[in-house]
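There are 2 protein chains.
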Amino acid sequence: MKTTRNTAAKMAVLEVFEKSKTALSHTEIHKQLNDLCDRVTIYRILDRLINEDVIHKISNLDGTVKYAKCNHSHQRVHIHNHAHFSCENCHEITCLENVKPSYIMPHNYKVNEINFTLSGLCPNCLNSNI
Amino acid sequence: MKTTRNTAAKMAVLEVFEKSKTALSHTEIHKQLNDLCDRVTIYRILDRLINEDVIHKISNLDGTVKYAKCNHSHQRVHIHNHAHFSCENCHEITCLENVKPSYIMPHNYKVNEINFTLSGLCPNCLNSNI
DNA sequence: AATTAAACGCAACAATGTTGCAATTGATAA
DNA sequence: TTATCAATTGCAACATTGTTGCGTTTAATT
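As they're listed, the protein sequences go chains A and B.
For the first sequence, position 97 (counting from the first letter as 1) is numbered 97 according to my numbering, and the numbering increases by one without interruption.
For the second sequence, position 35 (counting from the first letter as 1) is numbered 35 according to my numbering, and the numbering increases by one without interruption.
These aren't lab readings, by the way, just hints derived from the structure by calculation.
Note that the structure is predicted; figures quoted are calculated from it, not measured.
A couple of the hints might just be wrong.
For identical chains, the list gives no copy identity; a pair is met inside one copy or between any two copies.
[As the list claims (entries may be wrong)] For lysine-lysine, the following DSS-like pairs were computed, each having C-alpha atoms within a straight-line distance of at most 30 Å:
{"no.": "1", "residue 1": "100", "residue 2": "31"}
{"no.": "2", "residue 1": "100", "residue 2": "110"}
{"no.": "3", "residue 1": "2", "residue 2": "100"}
{"no.": "4", "residue 1": "19", "residue 2": "110"}
{"no.": "5", "residue 1": "69", "residue 2": "31"}
{"no.": "6", "residue 1": "110", "residue 2": "69"}
{"no.": "7", "residue 1": "19", "residue 2": "2"}
{"no.": "8", "residue 1": "2", "residue 2": "57"}
{"no.": "9", "residue 1": "69", "residue 2": "2"}
{"no.": "10", "residue 1": "21", "residue 2": "69"}
{"no.": "11", "residue 1": "57", "residue 2": "69"}
{"no.": "12", "residue 1": "21", "residue 2": "57"}
{"no.": "13", "residue 1": "21", "residue 2": "110"}
{"no.": "14", "residue 1": "19", "residue 2": "69"}
Model the full structure from these sequences, guided by the hints.
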């Protein structure tokens, strides 16, 4: 039975997530914390938050990795089957909580997790008429 | 007007792809080529092959990046909208050419590309009764 | 206040990808 | 066939991202 502690660094990371509407990379979090804690500590906090189902990890098409808060509002059983949108212009990644792909799999596969990421232009950048 | 050359290294990389049924990482290709050429050269060849639409890049959930041949057989306009399957046991990544997700997007987004990766157990590992 | 496992900082390392530059080479024209 | 020259390569050096070990600090409990 591991107990998990609410350390200053963890609280600070959580606050960064609260304030952000988009997903954040490790580097972005590190900058926002402004040397409040070590780089390694942030990696370890992110790991813990993922285990606690507070945030989830998003792998982007270009290989970058970001993290975003989980939305537990509606489901009892929490599954990350929503889509993510990656803007090619501003590079922000947002969760599309309500977009859930439907698909037909061949037999003999057991699907445990899905990752559905769309990229293009987000509403902001689309309106800015790039 | 750049012309692109069929060098020995590029041909060797292409042959590795021909022989493989699954997607390959840079490291896997490097090992199979057995020091035929430099690490950097492989990165540059992969870049060229992507530009030439011969291969495509796949970002995996765990952050690893792989490459696979494109299948041009059916479409005139070539879009990478098929799904990929990533096996949690053997870590092989295969293209599911016929699996195409359907989904409904909110307005004001312009979708240019999609990445649909499923992970779980592939038929091989499922049958091996892990 | 004492205890103690969780969390931390630091240093070192590993993996992956990029860049600049001089040398080499494939494709083309002479 | 040979000369030409831009595309390609090898090498060295660097950047970024993520991991590990270990001694020290700290949050939560008694």
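For each hint, the structure was consulted:
{"no.": "1", "hint": "100 with 31", "result": "neither (33 Å within a copy, 39 Å between copies)"}
{"no.": "2", "hint": "100 with 110", "result": "both (18 Å within a copy, 17 Å between copies)"}
{"no.": "3", "hint": "2 with 100", "result": "neither (34 Å within a copy, 42 Å between copies)"}
{"no.": "4", "hint": "19 with 110", "result": "between (37 Å within a copy, 26 Å between copies)"}
{"no.": "5", "hint": "69 with 31", "result": "within (18 Å within a copy, 38 Å between copies)"}
{"no.": "6", "hint": "110 with 69", "result": "both (27 Å within a copy, 24 Å between copies)"}
{"no.": "7", "hint": "19 with 2", "result": "within (29 Å within a copy, 47 Å between copies)"}
{"no.": "8", "hint": "2 with 57", "result": "within (22 Å within a copy, 39 Å between copies)"}
{"no.": "9", "hint": "69 with 2", "result": "within (22 Å within a copy, 45 Å between copies)"}
{"no.": "10", "hint": "21 with 69", "result": "within (9 Å within a copy, 37 Å between copies)"}
{"no.": "11", "hint": "57 with 69", "result": "both (9 Å within a copy, 27 Å between copies)"}
{"no.": "12", "hint": "21 with 57", "result": "both (15 Å within a copy, 28 Å between copies)"}
{"no.": "13", "hint": "21 with 110", "result": "between (33 Å within a copy, 19 Å between copies)"}
{"no.": "14", "hint": "19 with 69", "result": "within (11 Å within a copy, 42 Å between copies)"}
Comparing the model with each earlier hint shows violations of hints 1, 3; every other hint is respected.
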